[in-house]
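Engineer: Sequence:
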Amino acid sequence: RAAARVDDDIWISGTLGDARLALAAYRREIALDPDGLAAAAARMHAPTPRVALGAALAEAGLAHAAIDISDGLVGDLGHILAASQVGATLDVDALPVGPVLALQSLALRRRFCAAGGDDYELCFTAPVGARAAIRALGASVATPLTRVGRVDAAAGLRLVDADARPLDLRLEGFDHFKD
Numbered sequence: 001r002a003a004a005r006v007d008d009d010i011w012i013s014g015t016l017g018d019a020r021l022a023l024a025a026y027r028r029e030i031a032l033d034p035d036g037l038a039a040a041a042a043r044m045h046a047p048t049p050r051v052a053l054g055a056a057l058a059e060a061g062l063a064h065a066a067i068d069i070s071d072g073l074v075g076d077l078g079h080i081l082a083a084s085q086v087g088a089t090l091d092v093d094a095l096p097v098g099p100v101l102a103l104q105s106l107a108l109r110r111r112f113c114a115a116g117g118d119d120y121e122l123c124f125t126a127p128v129g130a131r132a133a134i135r136a137l138g139a140s141v142a143t144p145l146t147r148v149g150r151v152d153a154a155a156g157l158r159l160v161d162a163d164a165r166p167l168d169l170r171l172e173g174f175d176h177f178k179d
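Oh and the sequence shown: position 166 is 166 in this note's numbering, straight run, nothing missing.
Watch out, some of these pointers could steer you wrong.
Derived DEER-like restraints, expressed as beta-carbon distance ranges [said to hold, decoys possible]:
| id | residue 1 | residue 2 | range |
| --- | --- | --- | --- |
| 1 | A3 | A31 | 25 to 31 Å |
| 2 | V6 | A38 | 23 to 29 Å |
| 3 | A155 | P34 | 43 to 49 Å |
| 4 | D163 | T48 | 16 to 22 Å |
| 5 | E29 | A2 | 33 to 39 Å |
| 6 | V128 | A2 | 29 to 35 Å |
| 7 | A132 | A83 | 24 to 30 Å |
| 8 | R27 | A3 | 21 to 27 Å |
| 9 | D161 | A60 | 16 to 22 Å |
It should be emphasised that the hints constitute simulated quantities derived from the structure, not laboratory data. Backbone N, C-alpha and C define an ideal beta-carbon position, used for all residues, glycine too.
Produce the complete structure using the sequences and hints provided.
Structural biologist: In structure tokens form, the structure reads like this:
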């Protein structure tokens with residue numbers, strides 16, 4: 001967690017937000033058709049841990065820092081940034097979205113992908129020069145990988161849209177100790 005470096009790319013495996021979408025449907029915050037609910041619920045109840053990807057990244061020595069996304073990307077990436085004493089810019093619109101969440105509003109997609117939790121995908125940082133090797137590694141373990149941001153020296157996490165405009169999203173990851 002503590003080895004992210006300035007100018008590293010930030011990568012995400014798989015897709016984000018599906019588990020949070022299922023939770024919202026269970027809480028009746030949104031309505032999903034039965035097939036959509038089943039697909040989202042499968043991601044919530046039976047996530048696919050990225051063990052092969054993590055092992056391959058470790059063996060190849062490509063990742064500087066990594067964390068599983070269990071409490072939401074914003075919160076978990078924040079742990080990497082704090083431990084590494086760096087900051088980052090995250091393109092929220094680049095976050096990989098599954099087909100059911102893709103049908104929801106942009107605001108909901110952004111919120112659930114960035115801070116939803118229980119995705120159990122991997123977030124990792126790696127040097128810019130490793131992009132081709134990382135893409136090949138993802139293909140070798142049949143795991144889609146998406147580059148979603150960049151580590152920088154300014155403290156904190158800045159959220160931007162696809163046009164690099166700052167987003168004023170008040171998001172936080174899950175806090176196990178919050179009342």
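Engineer: Take the hints in turn and mark each one as holding or not.
Structural biologist: Here is how each hint holds up against the structure:
1. A3 with A31: 25 to 31 Å: violated (43 Å)
2. V6 with A38: 23 to 29 Å: The hinted range 23 to 29 Å is violated for V6 and A38, with Cβ atoms some 43 Å apart.
3. A155 with P34: 43 to 49 Å: holds (46 Å)
4. D163 with T48: 16 to 22 Å: violated (32 Å)
5. E29 with A2: 33 to 39 Å: 36 Å Cβ-Cβ, so the 33 to 39 Å window holds.
6. V128 with A2: 29 to 35 Å: violated (20 Å)
7. A132 with A83: 24 to 30 Å: holds (27 Å)
8. R27 with A3: 21 to 27 Å: Violated, at about 38 Å.
9. D161 with A60: 16 to 22 Å: violated (32 Å)
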